[in-house]
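Listed in order, the protein sequences are those of chains A and B.
The first sequence begins at 0 in numbering that gives the first Met the number 0 and counts up by one.
The second sequence begins at 0 in numbering that gives the first Met the number 0 and counts up by one.
Don't read these hints as lab results, they were simulated from the structure.
In this text, all values refer to a predicted model and were calculated from it rather than measured experimentally.
Wrong hints could be hidden among the right ones.
Said to hold, decoys possible - Quick look at which bits of chain B chain A covers, simulated, 3 or more residues with Cβ under 8 angstroms:
| hint | segment |
| --- | --- |
| 1 | 79 to 93 |
| 2 | 124 to 138 |
Claimed, not checked - Here are some chain B residues the structure puts well away from chain A; computed CB gaps all over 12 angstroms:
| hint | residue |
| --- | --- |
| 3 | 98 |
| 4 | 115 |
| 5 | 149 |
Every residue gets a Cβ at the ideal spot worked out from N, C-alpha and C, and that includes glycine.
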Amino acid sequence: MEVEIDAMLNNYSISTKITWMNVVVTGVALIVASLSFLFYDQANARGALIDSLSTQAQILASNSVSALDFNDPQSARITLSALAASKDIEGAGLLTPDGHLFAEYWRSPNVRVNVLPTLRPDRQQTEIFIGNHLTVIRNIDFGGRRLGAIYIRSNLDMLEARRNHFLRILGLVLLACMLAALIVSAMFRRAVAGPIEALSETARTVSRERNYAIRAAPTLAHDELATLITAFNEMLSQIQVRDAALNSARSELEQRVQERTKQLVAANRDLESFSYSVSHDLRGPLEIVNGMSYIINQQYGRELSSGLKDCLDRIEDAAKRMNQLIDDMLNLARVTKSEMHRERVDLSAMVREIADELRRREPQRYVEFTIAQGIVVSADSHLLHVAMDNLIGNAWKYSSKQSQSRIEFGVRPNEHGNVYFIRDNGAGFDPRGAQRLFQPFQRLHPISEFPGTGVGLATVQRIMQKHGGHIWAEGAVNRGATFSFTLPEIS
Amino acid sequence: MRLRTNLNSRASLPASAPAVYIALLLLLTAVLLLSPIVVVAQPPATPTETQVEAAFLFKFGSFVTWPNPAPNNTFAICVLGRDPFGPALDSIVKGESLDGVPFSVRHIGEPSEASACRIVFVSSSEQERVRPLLTELAKLPVLTVADMPHFNDRGGMVQFVLENGRVRFEVNLTSAEKSGLTLSSQLLKVASAVKRDGGRD
Numbered sequence: 000m001e002v003e004i005d006a007m008l009n010n011y012s013i014s015t016k017i018t019w020m021n022v023v024v025t026g027v028a029l030i031v032a033s034l035s036f037l038f039y040d041q042a043n044a045r046g047a048l049i050d051s052l053s054t055q056a057q058i059l060a061s062n063s064v065s066a067l068d069f070n071d072p073q074s075a076r077i078t079l080s081a082l083a084a085s086k087d088i089e090g091a092g093l094l095t096p097d098g099h100l101f102a103e104y105w106r107s108p109n110v111r112v113n114v115l116p117t118l119r120p121d122r123q124q125t126e127i128f129i130g131n132h133l134t135v136i137r138n139i140d141f142g143g144r145r146l147g148a149i150y151i152r153s154n155l156d157m158l159e160a161r162r163n164h165f166l167r168i169l170g171l172v173l174l175a176c177m178l179a180a181l182i183v184s185a186m187f188r189r190a191v192a193g194p195i196e197a198l199s200e201t202a203r204t205v206s207r208e209r210n211y212a213i214r215a216a217p218t219l220a221h222d223e224l225a226t227l228i229t230a231f232n233e234m235l236s237q238i239q240v241r242d243a244a245l246n247s248a249r250s251e252l253e254q255r256v257q258e259r260t261k262q263l264v265a266a267n268r269d270l271e272s273f274s275y276s277v278s279h280d281l282r283g284p285l286e287i288v289n290g291m292s293y294i295i296n297q298q299y300g301r302e303l304s305s306g307l308k309d310c311l312d313r314i315e316d317a318a319k320r321m322n323q324l325i326d327d328m329l330n331l332a333r334v335t336k337s338e339m340h341r342e343r344v345d346l347s348a349m350v351r352e353i354a355d356e357l358r359r360r361e362p363q364r365y366v367e368f369t370i371a372q373g374i375v376v377s378a379d380s381h382l383l384h385v386a387m388d389n390l391i392g393n394a395w396k397y398s399s400k401q402s403q404s405r406i407e408f409g410v411r412p413n414e415h416g417n418v419y420f421i422r423d424n425g426a427g428f429d430p431r432g433a434q435r436l437f438q439p440f441q442r443l444h445p446i447s448e449f450p451g452t453g454v455g456l457a458t459v460q461r462i463m464q465k466h467g468g469h470i471w472a473e474g475a476v477n478r479g480a481t482f483s484f485t486l487p488e489i490s
Numbered sequence: 000m001r002l003r004t005n006l007n008s009r010a011s012l013p014a015s016a017p018a019v020y021i022a023l024l025l026l027l028t029a030v031l032l033l034s035p036i037v038v039v040a041q042p043p044a045t046p047t048e049t050q051v052e053a054a055f056l057f058k059f060g061s062f063v064t065w066p067n068p069a070p071n072n073t074f075a076i077c078v079l080g081r082d083p084f085g086p087a088l089d090s091i092v093k094g095e096s097l098d099g100v101p102f103s104v105r106h107i108g109e110p111s112e113a114s115a116c117r118i119v120f121v122s123s124s125e126q127e128r129v130r131p132l133l134t135e136l137a138k139l140p141v142l143t144v145a146d147m148p149h150f151n152d153r154g155g156m157v158q159f160v161l162e163n164g165r166v167r168f169e170v171n172l173t174s175a176e177k178s179g180l181t182l183s184s185q186l187l188k189v190a191s192a193v194k195r196d197g198g199r200d
């Protein structure tokens with residue numbers, strides 16, 4: 000029942016609920032009270048009817064004493080006929096002490112009842128309710144003698160009329176009360192539901208506009224509703240304060256980040272220009288060393304002892320390596336400094352070109368290339384060429400000790416997009432040093448085994464990062480290496 | 000096996016027999032309890048004229064007020080002259096009382112003996128001297144009753160008459176009032192005639 004009422008009222012506003020509550024409560028209370036009163040009134044009316052019939056019976060009895068005593072039924076009939084004055088009384092009768100009918104009166108022949116009522120010997124009076132009739136029968140005693148009994152039979156029309164009258168009035172009163180309840184509840188609605196509706200409207204506005212400066216209008220009352228509104232407003236104030244604090248903290252943070260970024264950019268630029276100029280400036284003296292040792296070798300090579308010649312070769316060799324190193328470093332610096340020009344790049348074609356170039360440079364080697372076709376990415380084609388040159392060059396270099404070199408370029412999808420990879424079956428590396436691979440000047444193999452400066456992979460990583468991509472390496476000693484990288488999808 | 004037969008023979012009795020008896024018993028009880036109490040009255044032997052008169056004599060006491068308290072604390076119904084009632088009057092008043100005063104029946108020969116009486120029934124045997132008798136009795140607060148004709152015309156108070164075989168009575172209110180008696184309106188109501196003759200002797 001409760002659930003049903005809940006479900007029934009769920010969809011209505013508080014003010015409708017209050018109205019319904021008032022009307023229903025009023026109606027139920029009034030009906031219960033009225034029905035109680037009706038039962039009470041009917042019981043009372045019954046009692047009064049019994050009293051009235053009993054009184055009339057007593058009066059008639061004392062007026063019938065002589066008629067009974069002196070056996071004068073005619074006189075008794077005249078006495079009884081006085082009941083004609085009461086329209087609800089249908090009839091009456093006098094009984095002799097031995098229970099025989101002495102005299103009777105009936106309002107009309109149709110209401111006559113032939114069955115005589117009886118009175119228990121130990122009772123002075125008995126009331127019998129049968130159907131819509133009440134019969135009161137009463138002993139008649141006179142001078143200590145039992146003269147007989149009198150009975151009066153009445154219909155209950157009076158009770159029924161009284162009840163109907165009451166119900167009619169109840170209906171009218173109920174209607175009036177409902178109306179009054181509606182009016183009163185309209186007043187209460189203003190007092191109770193009004194602030195609640197205003198509060199909920201305010202809450203909606205705050206939530207919609209994210210404007211924490213709005214406040215719910217306070218009420219004049221000092222009830223729970225006022226407490227709620229006050230608490231709501233306090234909550235809004237706190238949110239407003241926190242919101243402001245959050246905003247200022249965020250802007251402060253942004254400002255700090257901007258400052259730091261500016262500082263970092265400046266420092267980076269200084270560092271790059273420093274390393275660039277250093278590399279550049281190193282090249283001049285190195286050219287002289289290189290040129291002079293070349294001249295000495297050309298002009299006086301034959302005159303030199305084999306020991307000096309060896310020294311000169313080593314100087315030349317070192318100068319060449321240093322030149323390479325400076326090239327690589329300048330490359331690295333240029334990568335960092337250069338502007339990005341994204342375009343569609345056919346990666347498959349680029350890998351093929353680089354492979355052809357390598358084959359041309361070292362035609363004596365046989366390397367089996369497997370190149371996936373139709374791979375197109377969005378990148379700076381120059382930078383990407385530098386990176387692929389490095390990666391494929393590495394694969395070429397580190398697989399040179401294999402009798403059957405294999406280099407594979409391919410792509411596989413993962414959850415973030417495509418992963419491109421270059422795999423070789425060369426010397427591989429110790430996986431523990433995988434992270435160091437991409438740091439400048441870090442090498443996992445001695446120069447005597449595989450020549451190199453240790454800057455190439457650092458450059459590759461810088462290029463991938465510049466593209467917003469990511470590169471990592473997998474491998475094991477003598478089991479080959481796989482370099483995988485990602486590039487943002489073509490938008 | 001025997002036990003089984005026993006059981007069977009028992010079971011072969013109508014199973015509902017006790018229930019039927021109980022139901023009948025209940026029905027009988029209900030009839031006895033609920034039925035109106037049937038008073039099977041013996042149709043009484045129609046009382047004779049004198050028996051009715053005797054009963055009326057006894058009943059008059061309830062409807063008359065005397066100016067004095069009952070002499071000797073007894074409600075004496077006196078029969079002046081030859082008693083026509085026999086044992087009827089005695090048996091009616093035997094053990095009865097009115098307002099705590101016990102009834103008694105006395106037989107008197109002269110009005111002078113009537114001072115202790117409440118009611119004096121003048122027997123028809125005294126018809127010849129009714130007038131002097133009543134003159135004497137009128138001095139006493141006694142109700143004079145007779146069943147002789149013209150009794151009330153001669154100063155009597157209550158005179159039995161026969162109407163269609165029923166005993167009724169006529170009342171002379173003036174005579175009663177002269178003797179200081181008050182007759183209840185109830186009594187007058189059932190009287191077949193009430194005589195009120197004002198200044199007549």
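Going through the hints against the structure:
1. 79 to 93: violated (count 0)
2. 124 to 138: violated (count 0)
3. 98: violated, 8 angstroms
4. 115: holds, 21 angstroms
5. 149: holds, 22 angstroms
Hint check: violations occur at hints 1, 2 and 3; the rest are consistent with the structure.
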